[in-house]
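**Q** Residues per chain, in single letters:
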Amino acid sequence: MKKDKKEDKDKVKQSPAKVFSNGWKMFRLVAKYLPSYPFFMVLDGVLWGLLNAAVAIFTIRLFNELDKSDVSFASLALVIGIMAVFYVIAYFFDAWYWDYYNTTLFQKLQYRMQKDLYEKARSMDLACYDDPAFYNDYVFAMDQARNKAWELTEGIGKIINRLVASTAILSYMATMNGWIALMIFAFAVLSFFLGVAIDKLYYKGNLAEQPMHRKNSYVNRQFHLADGAKEMRTGRISENLVAMYEENVDELVKTRVKFRKKILPFDVFWSLIDSVLPIAIGAVSFLFLIRGEVALGGFAGMVTSLWQVRWLIYNLMERLKKFPEQSLYFEKYLTFLNKEPAIRSGDKEPGEFESLVFEDVSFAYPFGEEKEVLSHINFRVEKGERVALVGYNGAGKTTLTKLIMRLYDPSSGRILYNGEDIRTLKLEAYREKIGTVFQDFKIFAASLAENVLHGPYDGEEATAERVKEALAQATFGEELAKLPHGVDTELTKEFCEDGVNLSGGESQKVAIARIFAKPYELIIMDEPSSALDPMAEYQLNHTILDGASQDGRTVIFISHRLSTTRMADRIYLFANGCLAEQGSHEELMALGGKYDEMFTLQAEKYRDKEADEA
Amino acid sequence: MSSPKKEKKKEKKKKNKEEAISTRRVFANTAFVLKILWKTSPVYLVTYYLWTIGNAILNFFTNTYLLRYLLNCYSDGSSGITKAFIYLGVVLGLNLIWYFFIDYLRLLVHPKYTQRIVANIEELLFDKAGKVELACYEDPAFYDKYVRSMTDCYGKCMNVIYTIDNMLWSFISLVTNGALLFSIDARLMIFAFFPLLLGLVSRKRNKIVHEFDRKRDPIDRKINYVQRTFYLAEYAKEMRLGGIWRAMLEKQKAAWLSYKKLIADYGWAKGGCKFLLNIGQEVVCVLGAMLYAVYCTVVQGSMSMADCLVILQSVGSISGLLTDFVAQLADCHKNALYIEDMRYFIDYDPALKSGTEPLPEEGNIRFCNVDFSYAGAETPSLSGVNLTIRRGEKIALVGRNGSGKSTLVKLLLRLYDPTAGEILQAQTPLKTLDLDAYRAQYGVVFQDFKLFSLSVAENVLMRPYTEADEATVVEALKKSGAWEKVSAMPHGIHTILTREFDDEGVNLSGGEAQKVALARIFAHPSACIIVDEPSSALDPIAEYQLFENLLTEAAGKTLIFISHRLSSAVLSDRVIYMENGRIAEEGAHRTLMEQNGAYAELFRKQAENYKLTPQKGGEAE
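One line per chain: the protein sequences are G and X, in this order.
Last residue of the first sequence: number 614 in the numbering used here, and the count goes up by one each step with no gaps.
Last residue of the second sequence: number 1621 in the numbering used here, and the count goes up by one each step with no gaps.
No lab work stands behind these hints: they were computed from the structure.
Nothing here was measured: the structure is a model prediction, and the numbers come from that model.
No residue lacks a Cβ here, since even glycine has one placed at the ideal position from N, Cα and C.
There may be inaccurate statements among the hints.
For the chain G half of the interface with chain X, some residues (derived, Cβ under 10 Å), not all of them [stated by the list, open to error]:
id: 1; residue: F193
id: 2; residue: H224
id: 3; residue: R236
id: 4; residue: T304
Subject to a maximum C-alpha distance of 20 Å in a straight line, what follows is the list of computed SDA-like cross-link-like pairs (lysine to any residue) [said to hold, decoys possible]:
id: 5; chain 1: X; residue 1: K1253; chain 2: G; residue 2: D143
id: 6; chain 1: X; residue 1: K1260; chain 2: G; residue 2: Y33
id: 7; chain 1: X; residue 1: K1478; chain 2: X; residue 2: L1435
id: 8; chain 1: G; residue 1: K68; chain 2: X; residue 2: D1573
id: 9; chain 1: X; residue 1: K1253; chain 2: G; residue 2: T104
id: 10; chain 1: G; residue 1: K493; chain 2: X; residue 2: R1214
id: 11; chain 1: G; residue 1: K200; chain 2: X; residue 2: A1330
id: 12; chain 1: G; residue 1: K493; chain 2: X; residue 2: K1261
id: 13; chain 1: G; residue 1: K371; chain 2: X; residue 2: S1509
id: 14; chain 1: G; residue 1: K493; chain 2: X; residue 2: S1304
id: 15; chain 1: G; residue 1: K493; chain 2: X; residue 2: N1278
id: 16; chain 1: G; residue 1: K261; chain 2: X; residue 2: K1131
id: 17; chain 1: G; residue 1: K204; chain 2: X; residue 2: T1114
id: 18; chain 1: G; residue 1: K115; chain 2: X; residue 2: F1182
id: 19; chain 1: X; residue 1: K1215; chain 2: X; residue 2: N1278
id: 20; chain 1: X; residue 1: K1557; chain 2: X; residue 2: D1573
id: 21; chain 1: G; residue 1: K108; chain 2: X; residue 2: R1221
id: 22; chain 1: X; residue 1: K1605; chain 2: G; residue 2: T104
id: 23; chain 1: X; residue 1: K1131; chain 2: G; residue 2: R236
id: 24; chain 1: X; residue 1: K1261; chain 2: G; residue 2: D199
id: 25; chain 1: X; residue 1: K1253; chain 2: X; residue 2: P1218
id: 26; chain 1: G; residue 1: K493; chain 2: X; residue 2: D1139
id: 27; chain 1: X; residue 1: K1253; chain 2: G; residue 2: L34
id: 28; chain 1: G; residue 1: K108; chain 2: X; residue 2: E1138
id: 29; chain 1: X; residue 1: K1237; chain 2: G; residue 2: T543
id: 30; chain 1: G; residue 1: K493; chain 2: X; residue 2: L1451
id: 31; chain 1: X; residue 1: K1237; chain 2: G; residue 2: F438
A few chain X positions that, by computed beta-carbon distances, are all more than 10 Å from chain G [unchecked claim]:
id: 32; residue: W1038
id: 33; residue: D1103
id: 34; residue: R1203
id: 35; residue: V1299
id: 36; residue: C1368
id: 37; residue: Q1427
id: 38; residue: S1453
id: 39; residue: D1469
id: 40; residue: R1520
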């Protein structure tokens, strides 16, 4: 859906101290959510570390025993038996821990973390979404919270495991022969650093290929997504796409060959180490064996655990390497959790709606363009009025509704609700006074009733009735009758096979029904009928406006179809963020200004006809 | 020594698909993929497998066999020492030569081919995708297969290659290690093959895991959805107003609880199977073999210490390899299933075929008793449509949502064939005409038009751009009203649209995008222009200008436009009013108004609010 967000991830370097402190904080956070988790994690790491080491040590002991001339089978069988017992215990713990206990705990951890995150997310200002830098971090933090917490805690367990195992094996070997232990250690460390260097080169190469892959996958999508299928068939655009693809492939091959050549010397060096060192270690151990400086068991143990130690150390370092990345993630997570919303609740209880006043309100979005979207707006809406906001796209109408809902606060000026600055009112209670339908409303993957109530649905008879009534008022009655489960019908197929996908017009009606489901005293509708056909639009506008005014509700609606706004008591025309004209339809037509011009243009075709007929 | 250099093993977790497929088909599908690779680059295919075979053989002599050899030399005393070092030297030399050879292959030879292989596979699919008829997009079963085969087709083909590769590795290692064990003591084979018995437990576990994952899938979907509603910008406003967020939180909690229950239900069974498997493998197999070997060495004296050590090493790896091999057989099957989708798609024979007749010079288009239903739909979208579209006519296609207007246009363009009845151009059925030539007559802008991440010029031309096209493009953009915007863009008509993969690309607003799409019809010398809802995203002034341009441009050409705004119907020669898939009324605007039918009623309703004074006009005809 969105573009890559991870590209600049490793540009930021963090000091080891920072990484360590972040790691510790995250560990503590996990411990806060799940007190018993760290204990088991450490236990698992130590237990398996010991088991891994035990296998190597077991081999050595067994062959040392075997090499003795007076060996008894019973003592050897005992060694094997102890090993078997050790295995049984470890595997039992493993099965219980990983398939049952850990999964359960992790499930709890995720749930608790998410809940806190969600609460926080909801309290964030809408303005944060306009700040691309914050938004990217935010999406990243939210999206990755589950996995990263897991990665970190699991990572710590594994690191403990590798540490315990490699230290135990190496120190056991060192007691037999320090030189060989040192060689094995050097081999592992050397392979690791070389591996890192090679990885970096590959990463660079992949980064260089990235844009081309993106192009290719774009072309691929065009061929299977339904939305361009008609164009692909009626024009020859597929030729353009294939040409682009072909060109890209050539480019890709060139880039790849270029980068691989750079890797070659490193890789040859790697091959050298990887083939020479193990054989050299084997040869040296063999020499020690012949000279009698190492027992047979020691020799066997060294040769067999060579690769194991290499793997353990390699893996350990690989995991440590990941820590800065995780720490960076955690930093983002913390920034997000510590960010204080700028829009805070006041403490006064809002009363019944009487009036809404804009007092010299100006507003510019805090991020992006610095241009004022609204400047010095003054107007007043009284109880029971039907107010239309009209104007071209981008004139600031939708922004105005966002200010009313306190999704943003004005840059200057005040908005008064019943004469009181809305910033002094209780936020949730204030917002609950107003019913809103946005232009870009969303249908949620929930039941129809939940979508209409815009909240939990208790399944009570009375509530169901209320929902049905609201839907009928939004002229959705006919469609409702056709739905298999009535108001309990699941909307969207997101996670319900027999869920219903509504058409654009139907969705809009459901969104509109929201404002009928509760006795809002003030209703705001942004382009309420844009997806409807003329007939439905006509009916709906009448229903809404007539229904609302009968109940004495106040309606503010936005539209660029002037035929609709004509029904309003008062019309405000916005142009370039300013309130250009205001008055009733007749007044504005008589004024002969912008409104008159717009209306005349839209009406022209209909009027010509009438003139003909007359 | 258990972790040799074998980086190319890539393991991907895939969701299990439960579909049956015959063994023959598995072979056929595998062969199909191998053939594609062979065609692209025999060198790649051969060297790729050579690499594995070499690695496996060399690995045996550098690990298991080396140890045995050295220990035997050791027991031989001083005469063995020279032998041991000669062996070490030879193995070292072979390793060096082989690894350098592989480095050369991997870094200098293979990179030339890998991307070509991807391209060949994808282009095979692209070619087909252009030919599949539009109806396939509406058949969910087909479309699913289609999307599945198009997405990550390279990965799926490569999985076939990887699996064969892994099997080769397992097989060679099994044979070499097995032969060694067999030569030491044939009875050891019992321990090595014991894991086959464990296969039963492992199947049980797979079944449990599979069931667990299957039940977990919908839960995960729910959790992820709720998460999205909390952080995506598109939900942000509504999550802050009203109480829908509470409903979402409840959903999430319910999902977590059912997940918890799932773990409780399956965790023990899963863990139990795993425990049995591990104990079977490590304790019974490896330690059992060890006990036996120690017994042979110490009590019976029938075994050398070198052999005893080999057993300790090999029994574990053989039983592991066997388990792997069985799993790889299952992978083969799974891969073949994915390839099956792809082949189904490639072998699919489009129902909508091009005819061979050349396009008639002139001639009207005639719909004769045309019925049409979308696949799976209960009610027909068009029924009994009879219509003649004369050359040069300006037709307005009007009606409510879902009345069949857009469907009619799709049939006209032969994106679909009628379910019953026939469409003719100058007495020749469309089915017999050359499809590309037929469609080329039309210039179309769909309601849900799409702009591609290509240059503006290419988006307008809808075909590759040459320098000779510049004037055409500019002219077309001027006529559609997009020129003002486009000329201000950094690279003019060569600006790439959307930021999909060009940081200098330009994102257009809805209205601007529509204007660029409309320029297509001005750039294309078509005999017939079709415009579906041309003005929905335009403001009134732009709409007005557009209509004027359309009418000028369409002088002498056929123009068909679909619109909700009946005001535009007034401009047409003929209005076709559709209702429930039928042509309900048809004739000049005036005539229809006089008939005072459904069209007239709709027109008046729309016009009502635009009347200057209520008394004027209205019902008085």
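**Q** Give a verdict on every hint.
**A** Comparing the hints with the structure gives:
1. Evaluation of the F193 of chain G hint against chain X yields a violated restraint, the C-beta minimum of about 17 Å exceeding 10 Å.
2. The restraint placing H224 of chain G at the interface with chain X holds, with a minimum CB-CB distance near 4 Å, inside the 10 Å limit.
3. Interface hint at R236 of chain G: satisfied, since its Cβ lies 4 Å from the closest Cβ of chain X, which is below the 10 Å cut-off.
4. Annotation: T304 of chain G was flagged as interfacial toward chain X, and the flag holds, the nearest CB pair being 7 Å apart, inside 10 Å.
5. Using a Cα cut-off of 20 Å, the hinted pair K1253 of chain X and D143 of chain G holds, with the two alpha carbons roughly 18 Å apart.
6. Of the pairs offered as hints, the one joining K1260 of chain X and Y33 of chain G holds, with about 17 Å between alpha carbons and a cut-off of 20 Å not exceeded.
7. Taken as a hint, the K1478 of chain X and L1435 of chain X pair is broken in the structure, with Cα atoms around 31 Å apart against an allowance of 20 Å.
8. Annotation: proposed proximity of K68 of chain G to D1573 of chain X is violated, straight-line Cα distance about 110 Å (limit 20 Å).
9. At roughly 15 Å between alpha-carbon atoms, K1253 of chain X and T104 of chain G fall within 20 Å of each other, so this suggested pair holds.
10. Between K493 of chain G and R1214 of chain X the alpha-carbon distance is near 18 Å, which keeps this suggested pair within the 20 Å criterion.
11. Only pairs whose Cα atoms come within 20 Å are accepted, and K200 of chain G paired with A1330 of chain X is rejected, the gap being roughly 35 Å.
12. Straight-line distance between C-alpha atoms of K493 of chain G and K1261 of chain X comes to about 24 Å, which puts the hinted pair past the 20 Å bound.
13. A C-alpha spacing of about 18 Å is found between K371 of chain G and S1509 of chain X, which places the hinted pair at or below 20 Å, so the restraint holds.
14. With a C-alpha separation of about 68 Å, the suggested pairing of K493 of chain G with S1304 of chain X is violated against the 20 Å cut-off.
15. For the suggested pair K493 of chain G and N1278 of chain X, the alpha carbons sit about 42 Å apart, so the restraint of at most 20 Å is broken.
16. With a C-alpha separation of about 41 Å, the suggested pair K261 of chain G and K1131 of chain X falls outside the 20 Å cut-off, and the hint is violated.
17. This hinted pair checks out: K204 of chain G and T1114 of chain X have alpha carbons roughly 18 Å apart, not beyond 20 Å.
18. Straight-line distance between C-alpha atoms of K115 of chain G and F1182 of chain X comes to about 60 Å, which puts the hinted pair past the 20 Å bound.
19. Restraint check for K1215 of chain X and N1278 of chain X: the C-alpha separation of about 26 Å exceeds 20 Å, so the hint is violated.
20. About 12 Å separates the Cα atoms of K1557 of chain X and D1573 of chain X, which keeps this hinted pair within 20 Å; it holds.
21. A threshold of 20 Å between alpha carbons decides the hint, and for K108 of chain G with R1221 of chain X the separation of about 17 Å falls inside it, so the pair holds.
22. Between K1605 of chain X and T104 of chain G the alpha-carbon distance is near 62 Å, which puts this suggested pair outside the 20 Å criterion.
23. Restraint check: the Cα-Cα separation between K1131 of chain X and R236 of chain G comes to about 12 Å, which is no more than 20 Å; the hinted pair holds.
24. With a C-alpha separation of about 42 Å, the suggested pair K1261 of chain X and D199 of chain G falls outside the 20 Å cut-off, and the hint is violated.
25. A threshold of 20 Å between alpha carbons decides the hint, and for K1253 of chain X with P1218 of chain X the separation of about 14 Å falls inside it, so the pair holds.
26. Restraint check for K493 of chain G and D1139 of chain X: satisfied, since their Cα atoms lie roughly 16 Å apart, inside the 20 Å limit.
27. For the hint linking K1253 of chain X to L34 of chain G, the alpha-carbon distance of about 17 Å falls within 20 Å, and the restraint holds.
28. Distance hint between K108 of chain G and E1138 of chain X is unfulfilled; the C-alpha atoms sit about 41 Å from each other, more than 20 Å.
29. For the hint linking K1237 of chain X to T543 of chain G, the alpha-carbon distance of about 26 Å lies beyond 20 Å, and the restraint is violated.
30. With a C-alpha separation of about 27 Å, the suggested pairing of K493 of chain G with L1451 of chain X is violated against the 20 Å cut-off.
31. Distance check on the hinted pair: K1237 of chain X and F438 of chain G sit about 9 Å apart at the alpha-carbon level, within 20 Å; holds.
32. With 10 Å as the threshold on Cβ separation, the claim that W1038 of chain X sits away from chain G holds: the shortest Cβ distance comes to roughly 19 Å.
33. The beta carbon of D1103 of chain X is not kept farther than 10 Å from every beta carbon of chain G, the shortest such distance being approximately 5 Å.
34. At roughly 17 Å from the closest C-beta of chain G, the C-beta of R1203 of chain X stays outside 10 Å, upholding its exclusion from the interface.
35. Not every CB of chain G is more than 10 Å from the CB of V1299 of chain X (nearest about 5 Å), against its label as outside the interface.
36. The claim that C1368 of chain X lies off the interface holds: its Cβ sits roughly 23 Å from the closest Cβ of chain G, which is beyond the 10 Å cut-off.
37. Remark: the non-interface label on Q1427 of chain X is consistent with the geometry, its nearest Cβ contact in chain G lying 24 Å away (cut-off 10 Å).
38. Against the 10 Å criterion, S1453 of chain X falls within the reach of chain G, whose nearest CB is about 6 Å from its own CB.
39. Residue placement check: D1469 of chain X keeps its beta carbon more than 10 Å from all beta carbons of chain G (closest about 12 Å).
40. Distance to chain G contradicts R1520 of chain X as a non-interface residue, since its nearest Cβ pair spans about 7 Å, not more than 10 Å.
Of the numbered hints listed earlier, those contradicted by the structure are 1, 7, 8, 11, 12, 14, 15, 16, 18, 19, 22, 24, 28, 29, 30, 33, 35, 38 and 40.
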